[in-house]
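> Here is how the chains run, residue by residue.
Number of protein chains: 2
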Amino acid sequence: MDEFELYLRAHTHLDNGDMDQIRSLAIPKTLRRNEFLLHEGEICRYKIFISKGLLRTFGTAADGSEHILQFAPEHSWTLDVESYDRQQPARYNIAAIENSEVLLWPKADFDKLLATIPSLQSFAQQLISRNIYNSGRRILTALSATPEEKYQEFIHSSPDLLARLPLHMIAAYLGISIKTLTRIRQAQLRR
Amino acid sequence: MDEFELYLRAHTHLDNGDMDQIRSLAIPKTLRRNEFLLHEGEICRYKIFISKGLLRTFGTAADGSEHILQFAPEHSWTLDVESYDRQQPARYNIAAIENSEVLLWPKADFDKLLATIPSLQSFAQQLISRNIYNSGRRILTALSATPEEKYQEFIHSSPDLLARLPLHMIAAYLGISIKTLTRIRQAQLRR
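So the protein lines, in turn, are chains A and B. Terminal number for the first sequence in the numbering used here: 305, no gaps in between. Terminal number for the second sequence in the numbering used here: 305, no gaps in between.
Heads up, a few of these hints could be off.
You can't tell identical chains apart in this list, so a pair holds if it fits in one copy or across any two.
[What the hints assert, rightly or not] Below, a list of computed lysine to any residue pairs in the SDA-like style, where the Cα atoms sit at most 25 Å apart:
{"#": "1", "residue 1": "166", "residue 2": "261"}
{"#": "2", "residue 1": "221", "residue 2": "251"}
{"#": "3", "residue 1": "221", "residue 2": "232"}
{"#": "4", "residue 1": "226", "residue 2": "267"}
Since the hints were derived computationally from the structure, they do not count as laboratory data. Treat the numbers as computed from the prediction; the structure is a model and nothing was measured.
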């Protein structure tokens, strides 16, 4: 069984026929560390599942600095939603942080799967709902939390990612400077 | 024609029968300024459409300070998504900023409408997609923008709201102090 099948069996009640149909339309792709899957300005043509590795979705500010919207480790999904839904130029970049293996579904194929497999449709809606909850939480954290609290929440919500990410990416995800992040981590070590 | 019908005619292709069915299940409610429609810890039982007025969805931090997730003016929707979807205690409060008129659909009724009216279902999905785009933008702004840029973006995206909101609510939405917001506004007036 491959990673995607393991994932589906753990999270859905799809039958073998449906799983085969979904799997048969996926295009496997290998990404090297730092390789881009999507550049800002391109059209996000695929729904992306990460079988192995770790990707990030990020925007670049006017001064060239990077701001990370999402980390996508193995057994998660990613895309530029707006670009994918409307097939318009992407606002974000998607790139591999580690050597990664992904599965790609062209939008037309995935739309067909959603229309013909009701349990895939309802699973996709669950993922969307979770995405909305998480975004709401992240907005409130960004508005209200101190840098210390932001880092604590990240350690809490993503303990597995901590050791896999360079400091500057954690800082770019939390919206704090690398200097502040270093200070927070040193203060914690001293405790 | 009431406000909700005007809204549906402007944004959907629902036929009269469908519109009547949707409208017939709505419970109208009047809210006075500062009245709560949902308190943190309660269950969000209704999908909420704002016919007239202005509501805000907000969380409170440990120190009692208020952080605003969303402003919902006339012709928009609001709810605590997580509480509504899972029928679990709400994380947010929803309260009226102005005297308001809203329509409420109990979850079971709205779910039935979604299941039986495909164009309502696809319209609801469009709203959800827009919600996700906007959240993504707001996260990136929170991570990367200066207080000045945050205020500029707000003026740009919500010019109609500006005169209807007290300063402290704009500050609570942008995640900046009221002192900083006052300084930014004074600097703009001098220009």
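> Indicate, hint by hint, whether the structure satisfies it.
Checked hints:
{"no.": "1", "hint": "166 to 261", "verdict": "neither (31 Å within a copy, 39 Å between copies)"}
{"no.": "2", "hint": "221 to 251", "verdict": "between (29 Å within a copy, 23 Å between copies)"}
{"no.": "3", "hint": "221 to 232", "verdict": "both (17 Å within a copy, 21 Å between copies)"}
{"no.": "4", "hint": "226 to 267", "verdict": "neither (38 Å within a copy, 38 Å between copies)"}
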